[in-house]
Amino acid sequence: MKSFQPPKQEEIFDAERRPIEIEMGLLQMQVLWVLSRKPCHGYELMKDLNAIKSTKITQGTLYPTLKRLAELRLIQVTEGDNRKVYHITEKGKKTMDQSCTDFTRTFFGIFHDYVCGKCVERDVLYDIGKGGK
Numbered sequence: 001m002k003s004f005q006p007p008k009q010e011e012i013f014d015a016e017r018r019p020i021e022i023e024m025g026l027l028q029m030q031v032l033w034v035l036s037r038k039p040c041h042g043y044e045l046m047k048d049l050n051a052i053k054s055t056k057i058t059q060g061t062l063y064p065t066l067k068r069l070a071e072l073r074l075i076q077v078t079e080g081d082n083r084k085v086y087h088i089t090e091k092g093k094k095t096m097d098q099s100c101t102d103f104t105r106t107f108f109g110i111f112h113d114y115v116c117g118k119c120v121e122r123d124v125l126y127d128i129g130k131g132g133k
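In the working numbering, the protein residues as written are 1 to 133.
You may find that some hints are simply not true.
[What the hints assert, rightly or not] Straight-line Cα separation of at most 27 Å, DSS-like style, residue types lysine-lysine; simulated pairs: (1) Lys67 / Lys53; (2) Lys38 / Lys56; (3) Lys47 / Lys84; (4) Lys38 / Lys67; (5) Lys67 / Lys84; (6) Lys47 / Lys91; (7) Lys93 / Lys56; (8) Lys38 / Lys93; (9) Lys84 / Lys53.
Read the hints as simulated data drawn from the structure, not as lab findings.
All chains should be built: construct the whole structure from the sequences, respecting the hints.
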């Protein structure tokens with residue numbers, strides 16, 4: 001069986017790392033990511049986050065995070081139909097992009113070993129089980 005060699009960091013990312021303005025927490029990154037896909041009101045955002053997270057997001061966790069992101073001007077809030085709707089700003093998009101790039105650089109090896117390694121192993125075992133090589 002041929003040995004799989006992961007791509008080198010330089011093959012995936014720019015050689016230079018761009019510094020990010022603030023250290024983003026996982027919840028902040030996820031909020032920005034959801035809002036980059038669509039504006040949401042708080043309850044809708046909480047439902048979307050709970051669908052992708054393994055831990056439950058509560059109002060006591062979400063609303064202070066939204067307040068902090070608004071203070072940093074990464075999101076903006078508009079009032080409509082008796083509820084607040086949250087939108088990502090251009091600064092928020094840039095910060096999310098930089099944070100996700102940094103996150104990916106940091107965890108690429110782990111993702112590769114865990115996800116790709118398991119997929120390759122699964123596919124090889126599947127092919128062997130079918131009589132293939």
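Each hint, compared with the structure:
Taking the CA atoms of lysine 67 and lysine 53, the gap is about 20 Å. The hint holds against a cut of 27 Å. A hinted pair counts as satisfied when its Cα atoms are at most 27 Å apart, and lysine 38 with lysine 56 qualifies at roughly 21 Å. A distance of roughly 15 Å separates the Cα atoms of lysine 47 and lysine 84; the hinted pair therefore holds under the 27 Å criterion. Annotation: proposed proximity of lysine 38 to lysine 67 holds, straight-line Cα distance about 18 Å (limit 27 Å).
Straight-line distance between C-alpha atoms of lysine 67 and lysine 84 comes to about 12 Å, which keeps the hinted pair within the 27 Å bound. For the proposed pair lysine 47 and lysine 91, the alpha carbon gap of about 25 Å is at most 27 Å, so the pair holds. Restraint check for lysine 93 and lysine 56: satisfied, since their Cα atoms lie roughly 25 Å apart, inside the 27 Å limit. The hinted pair formed by lysine 38 and lysine 93 meets the criterion: a straight-line CA distance of about 12 Å does not exceed 27 Å.
For the given pair, lysine 84 sits about 23 Å from lysine 53 by alpha-carbon distance, which is consistent with the 27 Å threshold.
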